[in-house]
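Same order as they appear, the protein sequences are chains A and B.
Numbering follows my numbering, with no gaps: position 123 of the first sequence is 123.
Numbering follows my numbering, with no gaps: position 53 of the second sequence is 197.
Honestly, the hints are just simulated from the structure, not real lab data.
This one's a predicted model, so the numbers in the text were calculated from it and none came from an experiment.
Incorrect hints may have been included.
Going by beta-carbon spacing under 10 Å, a handful of chain B positions derived as facing chain A [stated by the list, open to error]:
1) PRO225
2) GLU257
3) THR362
4) SER366
The following label-pair restraints were derived from C-beta to C-beta distances [stated by the list, open to error]:
5) B:SER188 x A:SER105: 21 to 29 Å
6) B:GLU172 x A:ALA74: 26 to 34 Å
7) B:GLU172 x A:THR66: 35 to 43 Å
8) B:ASP248 x A:ILE29: 28 to 36 Å
Computed cross-link-like contacts, DSS-like style, restricted to lysine-lysine with a CA-CA straight-line distance of at most 27 Å [claimed, not checked]:
9) A:LYS101 x B:LYS159
10) B:LYS482 x B:LYS333
11) B:LYS447 x B:LYS429
12) B:LYS277 x A:LYS76
13) B:LYS159 x A:LYS112
14) B:LYS240 x B:LYS216
15) B:LYS262 x B:LYS277
16) A:LYS81 x B:LYS426
Idealized CB from N, CA, C, for every residue including glycine.
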Amino acid sequence: MKENNTAENIAWESKFDTGIERIDFEHRIFLELINSFKKALDHNRSKDELVRIINEIEAYTIFHFTSEENFMYAIKYPDYKSHQMLHFDLLEQFNVAKYEKEDFSYFYEFIKNWFFNHTINEDTKIKSYIITNNIDNHLYNITI
Amino acid sequence: MISNALVNLLIIDDKQENLSLISSFFDETNVVIKTTTSPAEAISVCKEIEFDLFLIDIRMPVDGFEVYRLLKESPKNALTPVIFLAEKTDSENISKAFNIGCRDVLTKPFQREELVSKITIHSFAHVQQKKIKALMSAKDNIFSIIGHDLRSPYNSLIGFSQLLVEKLDATENLEVIKYAKIINSLALKNLELLDSLLGYAKNLEKEDVAAFEKVIVTTIISDVVQTTQPAAFLKNIQLNLIIGESVVVFGKKDLIATMIRNFLSNAIKFTPEGGRVSIQAKYNKDWVEIEISDNGIGMNKNKIDAIFKATPTVPTTGTSGELGTGYGLLLSKEIIDKHDGEILFDSEEGVGTTIKIKLPRYK
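Just chain A, with the same shape it has in the complex (with noise of 0.2 Å):
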């Protein structure tokens, strides 16, 4: 389903892959969350509507990290600890953000920065270690 306004939506790059099936669907939905809420935000839905989306990322963002430091912990990732630090960071900031209710184009910006940035700069980093350790992350694979 095609959307006619796709100028605004964030198309999903290489650059994101992890090389892990599933974090990178779950990569996926999160950035279908994010075009979603902008969408919503273009459209002038109500502050209602936005404040839901705001918590349906809100619950994918805790349900996501989860299964990232669960990654992590399975394969044993050196940097584990220092990366779980990074995800209750973000959780503080989301909690900061998400009462900017006077305006919501500031979430958009956060929450598309946190994207890319944590995305590309750290999420990407497990990639590298797998690669170079040769690990087995076939249990990441989408098997449905």
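Here the structure of chain A is known, so what remains is to put chain B in place on it, guided by the hints.
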């Protein structure tokens, strides 16, 4: 808002934006907030101000648990409860926080209403706890005064007036004998009242079943009859102790004595001049039955029903104008309950009252 009282809240978080956000939630409330990003400042302010609640972020350069430990070192805040802030996915610290005994953990991202409600409830709960403590300690003081300063002169008063009654018996001065008897009787009554109040307070404080022992009721009854004799004598009431077999229950001697004394005094109080009151104790299967009967003014059904209401009813004045406090019966009922016993009334207005106190037999 739960109450109009102001409460003091201290929030410590290493990030100013978190402090500003949380503080903004309490703009229109009775919560007085002090915020700081510096544990050192928090420690110093805790030496001066007594807080009703701490809200501490766990993940700070100085660990939130350590900050809490240091804050509690201040005597003013040794009992101040804490709510910790943690990230929602930080299950390790959330468990740790609950394990060290915090009031609650609020997780980031948080929901405004939940945060405001929990902080309000926990700080007001602490304020109320402090109030209760202050009231309890005032009560303890009052009872300590009753128990010592107020109570001890009564023994001398009773002893000396008793002596007076005995010595004067031989003389002819009937007026003087009468007054000496009144003094003796009033002193005894007041001592009973003080003991009732003390017993009531003690009974409220602890469920002291561990202190139960083998109690010979027959002995208690004859002691009580002896001390209440002057009151009966004064009203020319014939007080009969019906001697039977020796009966034993498992309970607390002081409490049982207080209870019997209350009922016996009551019987005398509500029996007119020249009447009679009798008491006896006997076994009936698994029970010890203590029966006190009088040919006094009696009670109707409403009066019987109202007698053990949780708050003392307006005391009824005795047939010779004796005053009461209403606590005696309430206390007696509690004593019976504590012994898993029961009480039965058989009363008719103008004819008299028989009460039967049933206590489990000692085996």
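For each hint, the structure was consulted:
A least Cβ separation of about 23 Å between B:PRO225 and chain A goes past the 10 Å threshold, and the interface hint is therefore violated. Here the hint on B:GLU257 is broken, as its CB sits about 12 Å from the closest CB of chain A, past 10 Å. For B:THR362, the interface hint is violated, since its Cβ never comes within 10 Å of a Cβ in chain A; the closest pair sits about 73 Å apart. The criterion of a C-beta within 10 Å of any C-beta in chain A is not met by B:SER366, whose closest approach is roughly 76 Å, and the hint is violated.
For B:SER188 and A:SER105, the Cβ-Cβ distance of about 42 Å falls outside the hinted range of 21 to 29 Å, so the restraint is violated. Distance hint for B:GLU172 and A:ALA74: a CB-CB separation of about 48 Å, inconsistent with the stated range 26 to 34 Å. Take B:GLU172 and A:THR66: their Cβ atoms lie about 37 Å apart, and the range 35 to 43 Å holds. At about 32 Å, the beta-carbon gap between B:ASP248 and A:ILE29 stays in the expected band of 28 to 36 Å.
Proximity of A:LYS101 to B:LYS159 is assessed by CA-CA distance (about 20 Å); at most 27 Å being required, the pair is judged to hold. The straight-line distance between the Cα atoms of B:LYS482 and B:LYS333 is roughly 24 Å, inside the 27 Å bound, and the hint therefore holds. Pair hint B:LYS447 plus B:LYS429 does not hold up; C-alpha atoms about 30 Å apart against a cutoff of 27 Å. At most 27 Å may separate the alpha-carbon atoms for a hinted pair to count; B:LYS277 and A:LYS76 exceed this at roughly 53 Å.
Distance hint between B:LYS159 and A:LYS112 is fulfilled; the C-alpha atoms sit about 22 Å from each other, no more than 27 Å. With a C-alpha separation of about 18 Å, the suggested pair B:LYS240 and B:LYS216 falls inside the 27 Å cut-off, and the hint holds. With a CA separation close to 22 Å, the supplied pair B:LYS262 and B:LYS277 stays within the 27 Å bound. Restraint check for A:LYS81 and B:LYS426: the C-alpha separation of about 77 Å exceeds 27 Å, so the hint is violated.
Going through the hint list in order, the structure does not satisfy hints 1, 2, 3, 4, 5, 6, 11, 12, 16.
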